[in-house]
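Listed here are the chains, written in short residue letters.
Number of protein chains: 2
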Amino acid sequence: MPENGWFLHQQLCDDSVAVGDLPLSRLLAMNDADFPWLVLVPRRAGVSEIIDLGPEQAMLMDEIALVCRALKDETQCDKLNVAAIGNIVPQLHIHVVARRKDDPLWPQPIWGAAARRPAAAVDLTRFVGSVRRRMAGSMAGTNP
Amino acid sequence: MPENGWFLHQQLCDDSVAVGDLPLSRLLAMNDADFPWLVLVPRRAGVSEIIDLGPEQAMLMDEIALVCRALKDETQCDKLNVAAIGNIVPQLHIHVVARRKDDPLWPQPIWGAAARRPAAAVDLTRFVGSVRRRMAGSMAGTNP
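Which chain is which? The protein sequence lines are A and B, in order. This note's numbering applies: residue 1 is where the first sequence begins, and numbers increase by one. This note's numbering applies: residue 1 is where the second sequence begins, and numbers increase by one.
What the hints contain is simulated information worked out from the structure, not anything from laboratory work. Some clues are possibly wrong.
If chains are identical, the list can't say which one is meant, so a pair holds when it fits in one copy or spans any two.
List time: in silico DMTMM-like cross-link candidates among lysine to aspartate or glutamate, alpha-carbon distance up to 25 Å [claimed, not checked]:
#1 Lys-72 - Asp-62
#2 Lys-101 - Asp-21
#3 Lys-101 - Asp-78
#4 Lys-101 - Glu-74
#5 Lys-101 - Asp-123
#6 Lys-72 - Asp-52
#7 Lys-72 - Asp-34
#8 Lys-101 - Asp-52
#9 Lys-101 - Glu-56
#10 Lys-72 - Asp-21
#11 Lys-101 - Glu-49
#12 Lys-101 - Asp-32
Please model the complete structure; the sequences and the hints are all you need to start from.
In structure tokens:
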């Protein structure tokens, strides 16, 4: 549903499932078999850089921190990788990825690597459910 | 110089020159011929994730935004790429890279790509000088 003219970019929509809405951002889980991978998308139209958000940058950082904490607690990962790239999808979106020293690409970044493998539906559903439960106090709803 | 036990990681030191110190972070310019590339390193010992900063996360976001603005104004780039990865260098550091649609790696991310080409000294010096001038009002000193 549009929110002040905002709608989720089709590529992000195709590659993920919705976890829910934080005050500023929609939280997505990427459909990926190898990496626990969340994406925050601020629901603001026409925004492609963090600095385009103006004072709402502070809200974005709060939400990045919430997501980082939930993902670290959920996965007990060795490292979080956080990035706003957007060279292909111009709508501002922030990746938060849990990395392990024994994962298929460690220590390389996951962006720009070969094509992703989609997750088994049951695994993705379980992951989304777990993240929702961890973040329930921060989310307005699931807005799938 | 150590600051409450903090010192710059040797790899970051080897790969960059210091631009100056913001209230939280040391600002570095990577020695790279192909990309205008700045790195923020919070001067806090033992910190490897953004969430390790606690309430200082807000200061980090302010400094990321300052650096993004300066780099965009300086380069008139097409896109900023911002990332905290740290799979190889565990000390928390945030990359801010100016990307152009005609740069050598567009639209791929620069991290994980082939070895970097060092910049000509004159170019790096000019870039650092320009960034220092743009950020002079925010920096305590150059602390090389």
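Inset, instruction - Check each numbered hint from earlier against the structure, then list the numbers of those it violates in ascending order. - result: The structure breaks hints 2 and 9; every other hint is satisfied.
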